[in-house]
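Note that the numbering used here has the first sequence beginning at 11, numbered continuously upward.
Because the hints were derived from the structure by calculation, they are not lab data. Careful, some of the hints might be misleading.
Unchecked claim - Below, computed lysine-lysine pairings styled on DSS-like, alpha-carbon distance capped at 30 Å:
| no. | residue 1 | residue 2 |
| --- | --- | --- |
| 1 | Lys-262 | Lys-206 |
| 2 | Lys-99 | Lys-160 |
| 3 | Lys-194 | Lys-111 |
| 4 | Lys-111 | Lys-99 |
| 5 | Lys-199 | Lys-243 |
| 6 | Lys-262 | Lys-199 |
| 7 | Lys-199 | Lys-99 |
| 8 | Lys-262 | Lys-213 |
| 9 | Lys-194 | Lys-252 |
| 10 | Lys-213 | Lys-199 |
| 11 | Lys-243 | Lys-262 |
| 12 | Lys-160 | Lys-138 |
| 13 | Lys-243 | Lys-64 |
| 14 | Lys-111 | Lys-138 |
| 15 | Lys-99 | Lys-138 |
| 16 | Lys-160 | Lys-111 |
Said to hold, decoys possible - Restraint-style ranges between C-beta atoms, simulated for each label pair:
| no. | residue 1 | residue 2 | range |
| --- | --- | --- | --- |
| 17 | Lys-138 | Gly-190 | 39 to 47 Å |
| 18 | Arg-22 | Asn-253 | 31 to 39 Å |
| 19 | Lys-199 | Lys-138 | 20 to 28 Å |
Even for Gly, the Cβ is constructed at its ideal location relative to N, Cα and C.
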Amino acid sequence: MPELPEVETTCRGISPFTLGYSIESIIIRQPKLRWPVNPELGAILSGQTIINVKRRAKYLLLQMPIGDLMIHLGMSGSLSIVEEQTVGKHDHLDICLSNGKIIRFNDPRRFGSVIFNQQGDSHPLLIKLGIEPLTDEFDGNYLHHQAIGKNTPIKSFIMNNHIVVGVGNIYAQESLFLSGIHPKRAAGKVSLVRMKHLVQIIKQVLAEAIEAGGSSLKDFTGADGKPGYFQQKLHVYGRQTKNCLKCHKPLKQVVISQRSTVYCAQCQR
DNA sequence: ATCGGGACCTGCTTGC
DNA sequence: TGCAAGCAGGTCCCGA
Numbered sequence: 011m012p013e014l015p016e017v018e019t020t021c022r023g024i025s026p027f028t029l030g031y032s033i034e035s036i037i038i039r040q041p042k043l044r045w046p047v048n049p050e051l052g053a054i055l056s057g058q059t060i061i062n063v064k065r066r067a068k069y070l071l072l073q074m075p076i077g078d079l080m081i082h083l084g085m086s087g088s089l090s091i092v093e094e095q096t097v098g099k100h101d102h103l104d105i106c107l108s109n110g111k112i113i114r115f116n117d118p119r120r121f122g123s124v125i126f127n128q129q130g131d132s133h134p135l136l137i138k139l140g141i142e143p144l145t146d147e148f149d150g151n152y153l154h155h156q157a158i159g160k161n162t163p164i165k166s167f168i169m170n171n172h173i174v175v176g177v178g179n180i181y182a183q184e185s186l187f188l189s190g191i192h193p194k195r196a197a198g199k200v201s202l203v204r205m206k207h208l209v210q211i212i213k214q215v216l217a218e219a220i221e222a223g224g225s226s227l228k229d230f231t232g233a234d235g236k237p238g239y240f241q242q243k244l245h246v247y248g249r250q251t252k253n254c255l256k257c258h259k260p261l262k263q264v265v266i267s268q269r270s271t272v273y274c275a276q277c278q279r
């Protein structure tokens with residue numbers, strides 16, 4: 011379940027094996043992903059050199075002179091670097107490189123996507139995205155300003171990609187617990203001071219997860235290590251049957267925007 | 001304009 | 001035991 015830290019870790023992990031090499035071919039075994047994979051992808055991109063590998067929100071961008079290959083991991087996708095051709099279940103797509111390595115896209119639930127983008131930041135899937143959480147632009151003033159008049163729960167608000175990208179269900183829950191804000195509180199009713207605190211926590215939690223992911227990542231050629239967030243101490247996510255780590259009272263679970271949400275009624279107001 | 005909910009998909013867990 | 005329902009998760013899109 012890739013959250014932003016895992017996408018960032020993947021980005022850093024594949025870089026050494028891809029940067030500066032060219033695409034020789036693309037094998038599409040299953041084109042039915044979130045968006046249909048263009049059957050001409052291989053023809054369009056063969057011979058193209060990968061000149062940059064970056065992340066925007068939860069998209070991985072393999073940048074080439076004629077455009078970017080945008081990869082989204084959805085909820086169950088992953089990339090690995092392999093050399094052999096033996097394919098496993100859900101290995102939907104291979105990007106074969108000039109160095110003999112293969113970037114393999116595996117995604118059991120097929121919520122991910124592989125799209126060729128020649129429009130840069132103005133691509134329809136990118137144009138409406140909010141700011142990156144780990145930039146200076148994302149601060150308490152920004153979040154507070156965006157929340158003016160909004161009745162939507164603060165949890166839904168920080169998970170809204172139009173406001174800030176990359177805060178998924180796990181980190182929304184964790185961040186709200188650590189900043190002591192009730193997940194159902196109306197976004198417009200969170201004070202500036204608390205918004206500043208929340209922003210600081212979000213940055214910290216994401217950065218720690220990236221660090222954990224990075225340190226667990228050896229060579230990216232196998233399924234080594236778990237996603238960064240499983241190496242972190244999770245305070246509320248998945249702990250609905252347990253007690254609060256701060257006050258030791260039982261945690262509560264509710265559904266907000268169809269998403270399971272665990273919180274402490276005592277510590278979060 | 002704002003917000004909630006449906007849809008997409010598979011695998012693991014839980015319950016009858 | 002076997003099968004079905006429930007749930008997880010990201011994000012686009014539509015309807016109220």
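How the hints compare with the structure:
Restraint check for Lys-262 and Lys-206: satisfied, since their Cα atoms lie roughly 25 Å apart, inside the 30 Å limit. For the proposed pair Lys-99 and Lys-160, the alpha carbon gap of about 44 Å is over 30 Å, so the pair is violated. For the suggested pair Lys-194 and Lys-111, the alpha carbons sit about 47 Å apart, so the restraint of at most 30 Å is broken. For the proposed pair Lys-111 and Lys-99, the alpha carbon gap of about 19 Å is at most 30 Å, so the pair holds.
For the hint linking Lys-199 to Lys-243, the alpha-carbon distance of about 29 Å falls within 30 Å, and the restraint holds. With a C-alpha separation of about 22 Å, the suggested pair Lys-262 and Lys-199 falls inside the 30 Å cut-off, and the hint holds. This hinted pair does not check out: Lys-199 and Lys-99 have alpha carbons roughly 47 Å apart, beyond 30 Å. For a cut-off of 30 Å, the pair hint linking Lys-262 to Lys-213 stands: about 25 Å separates their Cα positions.
Among the hinted pairs, Lys-194 with Lys-252 is consistent with the structure: their alpha-carbon atoms are about 20 Å apart, no more than 30 Å. Simply put, Lys-213 and Lys-199 have alpha-carbon atoms about 21 Å apart, close enough for the 30 Å limit, and the pair holds. Restraint check: the Cα-Cα separation between Lys-243 and Lys-262 comes to about 18 Å, which is no more than 30 Å; the hinted pair holds. Among the hinted pairs, Lys-160 with Lys-138 is consistent with the structure: their alpha-carbon atoms are about 19 Å apart, no more than 30 Å.
About 28 Å separates the Cα atoms of Lys-243 and Lys-64, which keeps this hinted pair within 30 Å; it holds. With a C-alpha separation of about 34 Å, the suggested pair Lys-111 and Lys-138 falls outside the 30 Å cut-off, and the hint is violated. Straight-line distance between C-alpha atoms of Lys-99 and Lys-138 comes to about 34 Å, which puts the hinted pair past the 30 Å bound. Note on Lys-160 and Lys-111: the hinted pairing is violated, with a Cα-Cα distance of about 48 Å set against a maximum of 30 Å.
Our hint of 39 to 47 Å for Lys-138 and Gly-190 is violated, since their Cβ atoms are close to 31 Å apart. About 36 Å separates the C-beta atoms of Arg-22 and Asn-253, a value consistent with the hinted range of 31 to 39 Å. Between Lys-199 and Lys-138, the C-beta spacing of about 25 Å keeps the proposed range 20 to 28 Å intact.
Comparing the model with each earlier hint shows violations of hints 2, 3, 7, 14, 15, 16, 17; every other hint is respected.
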